[in-house]
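A.B. asks: Read top to bottom, the protein sequences are chains A and B.
Under this note's numbering, the first residue of the first sequence carries the number 1, and numbering increases by one thereafter.
Under this note's numbering, the first residue of the second sequence carries the number 1, and numbering increases by one thereafter.
Derived by calculation from the structure, the hints in this document are not laboratory data.
Some clues are possibly wrong.
Here are the computed lysine to any residue pairs in the SDA-like style, where the Cα-Cα straight-line distance is at most 20 Å [unchecked claim]: (1) K52/A with F42/B; (2) K277/A with K41/B; (3) K71/A with Y51/A; (4) K30/B with S254/A; (5) K27/B with L102/A; (6) K52/A with K54/B; (7) K27/B with T48/A; (8) K30/B with K387/A; (9) K41/B with T48/A; (10) K71/A with G44/B; (11) K30/B with N407/A; (12) K93/B with I54/A; (13) K30/B with K152/A; (14) K71/A with D52/B; (15) K52/A with H58/B; (16) K54/B with N75/A; (17) K30/B with P58/A; (18) K52/A with Q39/B; (19) K360/A with Q39/B; (20) K27/B with N75/A; (21) K293/A with K387/A; (22) K387/A with N407/A; (23) K52/A with G44/B; (24) K71/A with D51/B; (25) K30/B with I54/A; (26) K165/A with L48/B; (27) K27/B with K71/A; (28) K41/B with I6/A; (29) K30/B with I6/A; (30) K152/A with S18/B; (31) K387/A with F42/B; (32) K52/A with Q28/B; (33) K30/B with N4/A; (34) K41/B with W49/A.
Label pairs and their calculated CB-CB ranges [claimed, not checked]: (35) R393/A with V17/B: 46 to 56 Å; (36) A60/A with T46/B: 17 to 27 Å; (37) E169/A with E11/B: 19 to 29 Å; (38) D186/A with E11/B: 47 to 57 Å.
No residue lacks a Cβ here, since even glycine has one placed at the ideal position from N, Cα and C.
Here are the chains, one letter per residue:
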Amino acid sequence: MSTNDIIPNLFRVEYSKIVAVLSKAFGIDYIEIAEDLTSETFLMAVETWPYKGIPENPTAWLYTVAKNKAKNYFNRNKILRDKIFPELKQSDKQWNELDIDLSDKNIADSQLQMMFAICHPAISEKSQIALALRVLSGFGIDEIADAFLTNKETINKRLHRAKKKLLSENVRMIIPDESQLQTRLDTVLRTLYLLFSEGYYSERNPSLIRKELCLEAMNLAYLLLQNDLTNNHSTNSLMALMCFHSSRLDARLSEKGEIILYQNQDENLWDKTLIEKGFYYLQQASKWEIVSKYYLEASIAYWYTVKNDNQEKWESILSLYDQLLKIDYTPIGALNRLIAVSKVKGNGFALQEAEKLKLKDNHFYYILLSELYKETDRDKTIHSLKKALKLCRTETEKLFIKKKIKNIEI
Amino acid sequence: MKEFILIFRHENANGKVSPEQMQQWMKQQKEWVDSIAAQNKFIGGTGLLFDDAKVVDHNKMVTNGPFGDIKETLGGYITVRAESSDEAAEFAKGSPVLQGEGNTVEVRQIVTN
């Protein structure tokens with residue numbers, strides 16, 4: 001580990017682990033104390049290491065300090081002692097036996113339980129994401145505010161409300177029992193999916209933040225895959241989807257931050273390792289012989305990693321979209337399906353189907369129309385693009401559409 | 001060779017800092033300490049934490065502190081070997097603590113018998 005960024009690196013990896021273990025030991029209603037004790041542990045490192053040198057095993061150093069801090073806090077706090085060891089209420093004896101278990105297994109278990117606690121259905125999706133970034137990924141309040149394009153106060157309020165909810169809903173740090181596991185896991189996966197999408201699709205954020213959000217979502221999904229209870233069809237499917245998508249992260253944006261369309265992307269910038277990983281997880285997912293939303297999306301994403309346009313590719317994509325829309329209809333899904341329709345049955349046929357969609361307030365709809373008219377009707381192409389220009393919301397998109405119009409008008 | 005203590009005093013040092021800021025502080029502080037140690041003139045030192053600080057007054061009243069009344073607080077110290085207080089003051093000039101306006105480094109000779 002380089003000493004130049006040892007603190008940020010340790011913080012990224014260890015902060016969430018220590019918070020999870022302490023919250024598990026104290027109960028999640030003490031999550032703020034757990035966060036404070038963990039922050040103090042890092043401050044302690046900063047106030048010690050310059051003089052005494054950086055310890056040989058910095059992680060072990062942090063764990064020891066955190067453990068001692070937690071025990072001190074516990075011994076000073078009678079309410080907490082009474083809560084954890086009710087039998088102590090009767091006796092006056094000092095209790096020193098609080099077990100802060102920082103073994104790999106307990107860390108992994110605590111993080112997983114923390115994930116389920118945070119992704120509790122009673123907490124709003126936005127708050128779940130903010131909490132996940134703060135508590136599971138160690139993001140600073142500033143960074144979360146940047147990611148959501150809002151200010152620190154808003155994020156602080158959001159986190160505060162979410163933590164109150166944890167308390168009022170009496171949320172525990174446990175893996176839900178079998179009868180609830182899949183439903184609760186669905187909520188966890190949905191939060192990871194939203195976190196990933198915030199990174200992948202948001203056109204408002206600088207590319208660095210986007211990438212980090214995507215990677216965090218994948219890190220958390222990886223935690224789920226490490227446990228037999230949560231390593232199932234849905235988790236593998238979502239992981240495959242995220243691997244395929246993120247393989248194109250670097251190819252998707254120009255140096256100026258403009259979107260580069262799929263067909264214009266430099267294939268050499270696609271991350272082959274991630275594509276291979278995606279394929280591995282997709283194969284894992286298929287072992288369960290069920291078909292789910294994430295599985296279909298991952299399968300579509302897989303075909304998109306095949307650059308060559310051949311009949312098999314587009315026919316497969318079309319059939320996958322047909323299945324996907326049946327179980328999870330979205331306007332964007334319907335539009336993407338039309339691209340496949342145009343490749344398989346021609347632009348004319350796709351135009352007829354597009355007419356039926358009537359997504360008159362969606363700029364992607366008009367961008368698609370302009371593509372379908374491109375070879376046959378110049379006026380309608382320009383007309384569609386101008387409509388799209390009126391409807392789109394971000395500068396990046398406006399620039400992109402204006403460029404298209406200019407290219408046709410020349 | 002005499003011994004000196006260099007005491008860091010901060011203004012408003014009790015704020016939340018990001019890991020990057022922590023890193024920056026640690027790096028500068030370490031480089032400063034290392035440069036004194038390279039001359040074999042560093043004896044020891046440490047930073048001081050704010051959490052759980054107490055102040056005891058002449059009535060033996062214990063309060064949490066030092067917050068409120070005192071604007072400046074002690075942030076840490078190092079002890080060094082130097083020929084004179086002037087040399088020790090030269091060391092003090094390199095302290096990253098001084099980047100904060102209002103912060104000071106106090107140089108005092110240690111009684112060594």
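A.B. asks: None of the hints should be skipped; say for each whether it holds.
C.D. replies: Taking the hints in turn, this is what the structure says about them:
{"no.": "1", "hint": "K52/A with F42/B", "result": "11 Å, holds"}
{"no.": "2", "hint": "K277/A with K41/B", "result": "54 Å, violated"}
{"no.": "3", "hint": "K71/A with Y51/A", "result": "26 Å, violated"}
{"no.": "4", "hint": "K30/B with S254/A", "result": "40 Å, violated"}
{"no.": "5", "hint": "K27/B with L102/A", "result": "28 Å, violated"}
{"no.": "6", "hint": "K52/A with K54/B", "result": "25 Å, violated"}
{"no.": "7", "hint": "K27/B with T48/A", "result": "12 Å, holds"}
{"no.": "8", "hint": "K30/B with K387/A", "result": "60 Å, violated"}
{"no.": "9", "hint": "K41/B with T48/A", "result": "19 Å, holds"}
{"no.": "10", "hint": "K71/A with G44/B", "result": "28 Å, violated"}
{"no.": "11", "hint": "K30/B with N407/A", "result": "57 Å, violated"}
{"no.": "12", "hint": "K93/B with I54/A", "result": "24 Å, violated"}
{"no.": "13", "hint": "K30/B with K152/A", "result": "31 Å, violated"}
{"no.": "14", "hint": "K71/A with D52/B", "result": "14 Å, holds"}
{"no.": "15", "hint": "K52/A with H58/B", "result": "34 Å, violated"}
{"no.": "16", "hint": "K54/B with N75/A", "result": "18 Å, holds"}
{"no.": "17", "hint": "K30/B with P58/A", "result": "16 Å, holds"}
{"no.": "18", "hint": "K52/A with Q39/B", "result": "17 Å, holds"}
{"no.": "19", "hint": "K360/A with Q39/B", "result": "75 Å, violated"}
{"no.": "20", "hint": "K27/B with N75/A", "result": "34 Å, violated"}
{"no.": "21", "hint": "K293/A with K387/A", "result": "32 Å, violated"}
{"no.": "22", "hint": "K387/A with N407/A", "result": "17 Å, holds"}
{"no.": "23", "hint": "K52/A with G44/B", "result": "8 Å, holds"}
{"no.": "24", "hint": "K71/A with D51/B", "result": "15 Å, holds"}
{"no.": "25", "hint": "K30/B with I54/A", "result": "10 Å, holds"}
{"no.": "26", "hint": "K165/A with L48/B", "result": "36 Å, violated"}
{"no.": "27", "hint": "K27/B with K71/A", "result": "30 Å, violated"}
{"no.": "28", "hint": "K41/B with I6/A", "result": "27 Å, violated"}
{"no.": "29", "hint": "K30/B with I6/A", "result": "13 Å, holds"}
{"no.": "30", "hint": "K152/A with S18/B", "result": "13 Å, holds"}
{"no.": "31", "hint": "K387/A with F42/B", "result": "72 Å, violated"}
{"no.": "32", "hint": "K52/A with Q28/B", "result": "14 Å, holds"}
{"no.": "33", "hint": "K30/B with N4/A", "result": "11 Å, holds"}
{"no.": "34", "hint": "K41/B with W49/A", "result": "18 Å, holds"}
{"no.": "35", "hint": "R393/A with V17/B: 46 to 56 Å", "result": "36 Å, violated"}
{"no.": "36", "hint": "A60/A with T46/B: 17 to 27 Å", "result": "20 Å, holds"}
{"no.": "37", "hint": "E169/A with E11/B: 19 to 29 Å", "result": "43 Å, violated"}
{"no.": "38", "hint": "D186/A with E11/B: 47 to 57 Å", "result": "51 Å, holds"}
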